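Please arrange chain B on chain A, whose structure you already have, making use of the hints.
Chains A and B, in that order, are what the protein sequence lines are. Reminder that position 15 of the first sequence reads as 525 in the working numbering, one-by-one numbering, no gaps. Reminder that position 773 of the second sequence reads as 1341 in the working numbering, one-by-one numbering, no gaps.
Careful, some of the hints might be misleading.
Said to hold, decoys possible - Interface residues of chain B toward chain A, partial, derived using beta-carbon atoms under 10 Å:
hint, residue
1, Y927
2, N1199
3, T1202
4, G1244
5, T1254
6, V1268
7, I1312
8, N1313
Hints were generated in silico from the structure; no laboratory data involved. The structure displayed is predicted, hence computed values, not measured ones. Glycine residues also receive a C-beta, built at the ideal position from the N, C-alpha and C atoms.
Okay, here's what each chain looks like letter by letter:
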Amino acid sequence: MSSLDYSDLFPLWLTIFPFRIMKKPNLSITNILIKLCAGVWCAFLFFSCSPKPIPIYLDEIESLPVIWTQAIPSSTTLLYLSRSFSALEFQEGDSTETEDLLQQFLTEDGLVILTHNNLPDTLFKVSNGIWATLSTELIPGDTYYLYAQDFLNGKSVTAETQMYPAVVLDTVTYSIIDTISADVTIQFVDPPGANWYAVHYYSEYADPLEVDDPFAAENIVETKLLSDLEFGSSDVSFTYTLEFLESDTFFVSLNNISPEYYDYLSQRQRGGNIYNQLIQEPINYVSNVQGGFGMFALHLPSVRQVILE
Amino acid sequence: MNLRFTLVLLANFFLLATFAQTTVVSGYIKDKKTGEPLLFATVHIPGTSIGATSNEYGFFSLTVEHSKISSETISLECNLLGYPAIQYSIPKVSEYKLNVQMAEEADETAVVEIVSNRSGLEKVSSAQMSTMRIPMKGLNRIPSLGGETDIIKIVQLMPGVQRGGEGGTGMFVRGGTADQNLVLLDEATVYNIGHLFGFFSVFNSDALHDMTMIKGSFPAQYGGRLSSILDIRMKEGNAREFHAAGGIGLLSSRLTIEGPIEKDTSSFMISARRTYIDQVFKAVGSFLPYHFYDLNLKANRWMGPKDRLFFSSYFGNDILRFDNSDVEDNEPDTAQQSPFGFGFRLGNFTNTLRWNHLYSDKVFSNLSLVHTKFDYDIFGKFDENNILIKSDVRDIGIKGDVDYFKSNDHHMKFGGQLTQHIFKPNVVSTAGDISDFLQSRNGNQLLSTEWALYAASEIDFKEGLWKLFTGLRTSGSFVSQKMYAGVEPRIAARYMLDEFSSLKFGYSRMKQYMHLVSSSSVALPTELWYPVTSGIKPQRSDQVVVAYNRFFEKLNLNLELEGYYKWMQNLIEYREGANLILNDNFEKELLQGTGDSWGMEFLLQRSEGRLNGWISYTLSWATRDFEELNNGETFWAKYDRRHNISVVATYNLSKRWDFSAVWVYSSGSRFTAQAGQYLVPNSTFTGVDVIPVYTARNEVSMSSSHRLDVNFVLKPRPEKKKKFKSEWHFGCYNLYNRASPYRINIAANTDGSIGYHYEQPGLFGFIPSVAYNFSF
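Bound-form chain A, shown alone:
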């Protein structure tokens, strides 16, 4: 039971009462009485206090491996391996340099094996946290298995995914609305079966390999998610209004992604809604990684550049 400690008390109500009773010179008796009553009211609330927050101890979650994959045309597959960390180690907006933070949790020493058709391929380390292979061919429709181990804590993870065939962007057309917006229409053929798509719109200077400030992704315009359950036919035409174009050139990339990755991206979009963050139940993001976090997804983008005229 906390005792009443006035030195710590914060006059909750007082902060919203800028006293300016004496500001106006010609006050009538009625006005003075009204303001006196209001002053008494405020004085009462002056003694109101906000209570001191109660500390609570929560068990820290175990640090587990986190994986992420990126398939690059020309049979290169990158795998990012890092560790999860406590919620108390970092909060967005604190002074920790993001580069330092990244370095702190990237795996320095580990083992990553990609298996396809029962042929294991041990990935080579590119730098801390990044492993790569040039030898495993990514064949649409085939299943791939991943094993990764972080030698620092001995924890390992497994994951399984299917390589999704790249769907080619047939055409990208646009219709300028005004100086800052344009309707952009993409057309492609939806292959048979259930498919899920992520369409990324980049501004001119987006460079996938340039990560100067990993938290600043301002050069991305938008990501839209599509499911072919919403399409009427296999010939798909999708129009989206791009706002606030910063240059006259942009890129559109179409990615045929796995349903797990689609769910993850959907959750990211929902979780990024400020309203949802404030008042709704938080989201635990989906993962297809056994024993850890992250997403093992293999897909190749179809990219088109558009120059507005």
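Leaving out everything else, chain B in the frame of chain A:
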């Protein structure tokens, strides 16, 4: 042969019925001073088990068999808590009209009257359980937030009722959700019970007569929600004298006027309340453009000895209007510069027209026409852009109930109701550039017709040793070409262990055909009510209750012990991250699952005397199962709190001073806390996302909360017999300034070390209050 036997039996039955010598005593029980009917008062023959209870309109009917009375006349005694017993002696005639006038006790220090169902022995002998009846008299003695007496906050102090956020009017009854409580004000549904984001209820205590809350073993006449029924009745108005009462508090003031329109024939009551936070801010040169107000009105008239008409209405609004016109007085410069405007208005409007009719000394009926509306408007503007969002739900309904007092041992009740719900959510009107993104639209109006028929019977047998209550309710809803219907059986039994104690058992099924579209525990103006549809099935609950009641006569103490188990089907939750604002297709965001709750409740109360009050304790569990949430694993309900204790005491210190205190303790409510995080490339590999990792849904139990509130009342000198009476209330909320955690934050260390820690903030600390009440 069988037919002949049956005919003989029937003939004998009618002969017996015809020649049995009985007196049917019937009439109304009223308050002598005000003429208002007294509910649930008892009329009985002393020394026997022969008795009856007045219904919700004060009517009673008692059949006395002459063979059971040896004396020449029939002695009757009327009892009601807070009123001295009255005795009558009536002749042995076939019919006798008795209108009982009960005068309140002279001792006005007998204050808080909280009775669970009925007082004293009546509570023990009733088959009804899980029921609380709360008369308004004396409630303003109980300390409250800001000195504002609030019936909902009183209910939150009773066993089985969990409060939501601190200071809020949210109620979570026996593991249910906030929208599973049916709140009726003179039979009209009140959809939004909170003012000021739910910190105060819409019920002005001066305008209310009493409230009955049922949380299990529901009588058949009630339905439509899974967890509780709050049946609130307004005052009818003094039929004999004009009176006024009011109060001035820190947050609001109120005034009630009541009196006869025609003495003993018709009366009225009008009560108004308004908060003046905005005016106080204005007076000190500041600006808070928010206020709420409400208005209660009731009138009634006897149309003859057998007919009575009532009309009651409630109207209330919350208004926030932040725009240039309001700023101009104080900040003309700002007014010219500010292009921004925002505001909302939300409110309830209810109307009830009732007709009581007495068909005979044994048959009483009520017919009600009900209209209710809850709507809100939200507006915003920025430069030339304007947006207005409107939503509303309206009900028009008819309801009929018939009481048939077949004999003292057998009371039947039957009736039905038909309600047309009209839902009109998300009507949007936009102007300016914003129209390109958000186009004006009329929303999807939806009609739903909800109906119910019921019959119930209450039978005493084995000389009053057993009482059996059986009921059957059929209900349904027709919406979007889809008809849902279901049967809701109700059964309860009571067995008298001895004169002062009883055992009870009850089972009830409830169905709910509408729900609140909200995934937040915060009361927001954007919340919508919506009916079941072809894709959303009605919610259903089955609940069993066992109870033990004992009355300690010498101490004037009532003890209630109850245990319950509730199974809930088709409960509603929303997908993680669901966006419900302006979403006409929110059905896609909705999930249905199951839930269980179980627990034990304890209530010890003393309703009369210099020291009175109650101690309540609840031990409870509540879980949820949704396939799409928490990885399909069972999780705790948001307001699953293991232990809840309330101690409420009022003590008459002297002739001029009363003291009261409330101490509440609750185990912490549930929270989904951020436990970890990780870094991954964003979807376009142009940056890094920090992905939070949370505990399982509602896995963390926050710290327990407890607080002490006190109140002193200074009354006028008793020797002064002035008509104008006034009293001062001095109180404080959360005397020892303890935080009641409502969430878990991650905050930077304040002890000089680098890093973060978890902390649980509270909302309200120590808050003093003063209020001045008067009556004349």
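Problem set entry | Ascending list of hint numbers which this structure does not respect | 1 and 3
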